[in-house]
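Enquirer: Here's the letter readout for the chains.
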Amino acid sequence: MRETLSRMEEELQEIIQRWKWVSWILVAAGLILGSRLWYLQIIHGENLRKYSEINRLKETKIQAPRGLIFDRNNNILVDNLLGLELTITPQYINDLKKTAKKISSIIQIAPQHIIEKVQLGEKKHGPFRPVVIKKHLSLNEVARLKLLQWDYTGVDIQEAIIRHYPLKENGAHLFGYLSEIAKDQISEFNRKYGNRFHFQPGDLIGQSGLESVWEYELRGEDGFSFVEVDVHNRKSISNIAGLWSFKPKEPIPGRNLTLTIDKNLQEKTYSSFFRNDKMGSRYGSAIVMKKNGEILAWVSYPSYDPNIFSIGLSTSSWMKLAHNPTKPLRNRPIQDHYPPGSIFKPIVALAALQEEVITTDTLIESPKELVFGRRTYHDYRKTGHGSINLTTAIERSANVFFYKLGINLSIDTIAKYARFFNLGEKTNIKMEGEVTGFIPDSKWKIKHLGEAWQPGENLVHAIGQGFILVTPLQMAVVYNTIATSGEIVQPFIVKKITDINNQEIKTFQPKVVKNIKKQVSAQHFETIRKALKQVVHGREGTAKWWKVKGIEIAGKTGTAQVISLSKENIHEKCKKRPLEQRHHGWFVAMAPADNPEITVSVLTEHSCSGASGSAPIVRDIIHSYFENKKSIQHTSASNKDR
Amino acid sequence: MKIHNKTRLSTVKKLNWSLIITTVTLIIIGLINLYSISHRTHSTTTHLFYLQMIWVALGITVFFCISFINYHFFTRAAYFLYGLNLTFLIMVYFFGSVFGGSKRWLDLGLFNYQPSETLKIILIFILARVLSAKRSWQSMSIKELIRPLLFICIPVFFIMYQPDLGTALIILIITSSIVIFAKVNKNILLYSLLLILCISPVAWNFGLKEYQKNRILTFISPGRDPRGTGYNTIQSKIAIGSGQFLGKGFQKGTQSQLEFLPERHTDFIFSVLSEEHGFIGSIITILLFLFLIIIGFHTAFQSKDKVGVFLCVGMSFYIFWHMFINIGMTMGLLPVVGIPLPLLSYGGSGLLSTMVALGVISSVSYRRYLF
Chain C
1 MRETLSRMEE ELQEIIQRWK WVSWILVAAG LILGSRLWYL QIIHGENLRK YSEINRLKET
61 KIQAPRGLIF DRNNNILVDN LLGLELTITP QYINDLKKTA KKISSIIQIA PQHIIEKVQL
121 GEKKHGPFRP VVIKKHLSLN EVARLKLLQW DYTGVDIQEA IIRHYPLKEN GAHLFGYLSE
181 IAKDQISEFN RKYGNRFHFQ PGDLIGQSGL ESVWEYELRG EDGFSFVEVD VHNRKSISNI
241 AGLWSFKPKE PIPGRNLTLT IDKNLQEKTY SSFFRNDKMG SRYGSAIVMK KNGEILAWVS
301 YPSYDPNIFS IGLSTSSWMK LAHNPTKPLR NRPIQDHYPP GSIFKPIVAL AALQEEVITT
361 DTLIESPKEL VFGRRTYHDY RKTGHGSINL TTAIERSANV FFYKLGINLS IDTIAKYARF
421 FNLGEKTNIK MEGEVTGFIP DSKWKIKHLG EAWQPGENLV HAIGQGFILV TPLQMAVVYN
481 TIATSGEIVQ PFIVKKITDI NNQEIKTFQP KVVKNIKKQV SAQHFETIRK ALKQVVHGRE
541 GTAKWWKVKG IEIAGKTGTA QVISLSKENI HEKCKKRPLE QRHHGWFVAM APADNPEITV
601 SVLTEHSCSG ASGSAPIVRD IIHSYFENKK SIQHTSASNK DR
Chain Z
643 MKIHNKTRLS TVKKLNWSLI ITTVTLIIIG LINLYSISHR THSTTTHLFY LQMIWVALGI
703 TVFFCISFIN YHFFTRAAYF LYGLNLTFLI MVYFFGSVFG GSKRWLDLGL FNYQPSETLK
763 IILIFILARV LSAKRSWQSM SIKELIRPLL FICIPVFFIM YQPDLGTALI ILIITSSIVI
823 FAKVNKNILL YSLLLILCIS PVAWNFGLKE YQKNRILTFI SPGRDPRGTG YNTIQSKIAI
883 GSGQFLGKGF QKGTQSQLEF LPERHTDFIF SVLSEEHGFI GSIITILLFL FLIIIGFHTA
943 FQSKDKVGVF LCVGMSFYIF WHMFINIGMT MGLLPVVGIP LPLLSYGGSG LLSTMVALGV
1003 ISSVSYRRYL F
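These protein sequence lines map, in sequence, to chains C and Z. Heads up, the first sequence is in the working numbering, so the first residue is 1 and it goes up one at a time. Heads up, the second sequence is in the working numbering, so the first residue is 643 and it goes up one at a time.
Isolated chain C, as found in the complex (with noise of 0.2 Å):
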């Protein structure tokens, strides 16, 4: 009994023991399992949260409408439209090549291009992002997508902002165009505007014109909301657990221009390069500015249509425009330099004047030739102009007098006139690509061509040939110089710039960046005004068949050769050479002359005169300038009869 009690005993111990054990096991199990539990999901809850809504919410961009462009009286520019265009979203594609197939047929895109862009897109950003397939579709093609949506699932039509140029190719040069950012461009975008925008690839962007200029300030600053997705990336069906502390972010639209231009103006501008009479349609550029800078209206032709752009262009396409030999894409009036030709010749007869190697009244022989050295210089005229001064040689464009004033002035001094007006430099209106145009001197000459200046050189730089290249812009800056008798404007483009609540955020002041009142008398630029009017309203005048009624108009006509011509081919028609070598026409004009307004610069390529090539458009536009001015103050006036 007492072995039994003993052994039981034992046991007992045993069992005690081990229940010890036991319990020690299975609290340090469950502090284990615990305090695991405490520290994943108190200390690092909010932390893990975050990392779960990382795994679930994927960023969609809201894009944000860019800004709006208004001519001076507030009619629109350039216009945002709602467009639809054709999505594909990859996840919810059954068999994406019979769906290629069939998109094919109706929005004639090949089905591999369709194939493509759509497993490129999964791979960028998931299957759950929508792929843009076509930009802006028709009605046609929306009515016929729509049919197909019961049968191909992930084809839908979705809304979306298209930039819109309502006056197409009219002004593109001015407005320019937006396409997709190209891959070298974002790092450098990023950089310029990396203080508030981000710009990530598919971005459209400014690629020419005011909306590559002013892309800071018509962007719009995208916004942004969030999907729920799974671990397929594939687009959750009912948003689970809302967006916790993440917060979507609303587009803010991007700022609008309100420009110089008069639409009015800028459309009779454009409209008169076409023309009826035997030449047809000018190639070239116009300008027209205000006094005080302000350009009205701002023409390149050929031109292309803007829109085509925006609603993505093929790359065929992109190639023809930018391998057409009229080069539309070319922004002409600050792009493309010319010699100026006889519209030169103000700027040398002010210098002569200045530096008294004649007066208004000195009569200089002007024949049909002068021979100077060993070569033989000729004027149009065959007859000659006989003894004339100064007024007569301007209205008359006539070459030997000013072959003459040449060899008394010297290039150097006639570049320093040049200069006087910023010819030479860009005139930095607020536009990419301008080209500087070039006036040269001798010290130029021997440092580059390793020669010495000669003597008959300045016979042709006289009359604006040789080596002297300008741009119509500066051209309209030169005569405008001669309309304010020396102040030179800068020319600009931006009046205004306002938020979208309609707040100025900047306004654009005219500025006179020079004034060569001390270098260039008045007087003189009031001659060269009243020669300048004798060339429209002078009986021999080179431009007198271009008048406007009721309007005097003062301007000088100007013909750049393209080639030197050789004795034997000076007097040939120049419309029976062919194209290329034909001379391009000038007309800059002031009006009206007494008290001018307006500046007009007009060239046209290959035109042959000036005053046959240019002074028509020149005329139409000044005569639109006044009809549409004399309406306004009429309805003003009517208005306040009311």
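It should be emphasised that the hints constitute simulated quantities derived from the structure, not laboratory data. For every residue, glycine included, the Cβ atom is placed at its ideal position computed from N, Cα and C.
Heads up, simulated DSSO-like pairs for lysine-lysine below, C-alpha to C-alpha not over 30 Å straight-line:
1) Z:Lys894 <-> C:Lys123
2) C:Lys249 <-> C:Lys50
3) C:Lys235 <-> Z:Lys894
4) C:Lys517 <-> C:Lys291
5) Z:Lys894 <-> C:Lys50
6) C:Lys268 <-> C:Lys630
7) C:Lys98 <-> C:Lys135
8) Z:Lys894 <-> C:Lys58
9) C:Lys291 <-> C:Lys496
10) C:Lys20 <-> Z:Lys656
11) C:Lys146 <-> C:Lys61
12) C:Lys20 <-> Z:Lys776
13) Z:Lys948 <-> C:Lys20
14) C:Lys61 <-> Z:Lys894
15) C:Lys20 <-> Z:Lys946
16) C:Lys135 <-> C:Lys168
17) Z:Lys828 <-> C:Lys20
18) C:Lys247 <-> Z:Lys894
19) C:Lys20 <-> Z:Lys785
20) C:Lys117 <-> C:Lys183
21) Z:Lys825 <-> C:Lys20
22) Z:Lys851 <-> Z:Lys745
23) C:Lys382 <-> C:Lys530
24) Z:Lys894 <-> C:Lys249
25) C:Lys430 <-> C:Lys495
26) C:Lys549 <-> C:Lys530
27) Z:Lys894 <-> C:Lys124
28) Z:Lys776 <-> Z:Lys948
Reference excerpt, derived from the structure (chain C facing chain Z, CB under 8 Å, subset only):
29) Ile15
30) Val22
31) Leu26
32) Leu33
33) Leu40
34) Gln41
35) Gly45
36) Tyr51
37) Ser52
38) Ile240
Assemble chain Z onto chain C, guided by the hints.
Expert: Chain Z only, in chain C's frame:
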């Protein structure tokens, strides 16, 4: 020994109700949890919930059947069952279906049978029989240890050969827990520990497959391959942690519902629970498990004979280690091994095995009054 005078108690009263209620509570938690992740809109896994309902019904039936069977029946049948199971294991080697690079299952038409799962239970029967034969509670010598170790090592060898390292390891852990409980000479324990330390580098170089090595390396530093082997652990930790104190709510666990969490119906079911019901839900579940295990041990110490003691201890360890390793794995405390969480994970064989284990405890508890 004391003679109880409670034989007249009714059948209902003799059942261990705290064991039953705890088990049923955990089963209900498991079903709610499984419903949550299998019943999303457009879900393709809704059938899992209904299948599990059938398994639960079967499991509860099995539980009560076993409760009323004298547990000596299992120890008596142990050798036979053991032999049968070993045959199945060997059959796996010849006819088993391959899945994920290893042969673990026998295709029985209706369902796949995994002999290594049932072996866990049967080994406990064997050990209960062998160890209870020992007369005293004294420490076992090497000689006494040879028999139980042989019983353990033969099937473990086959399982490792499948290869199924996880199951082999958990069998070793459960059975050695029971053996140690039966008391082993301290020196033997020390030497075997040393032996394991010496063998492990050799095993690392020659015994382990590449993916097994990867799992262990990943456990040591989960960030080394976040898209690959570390992915499960990272997503599971995010799921658990993001549940925070109160959880995201029923069917609102984004990690589970949006499928960032892998194996969410089976091995990582606890992460679903933690994400949707937070610290509160998780700690309650862990406490319920611990309570269930304590009931198991408590039953062991109330048992009227040694067979009952070892059966209960074995089954309790069985549930304890599954629970601890599974939860530890989901929380990144232990390497990823394919071990289900008892009563919560989806799966028929796991649930049935657990219900058998609990049934045996219930049976021992029921018979503590029968004298």
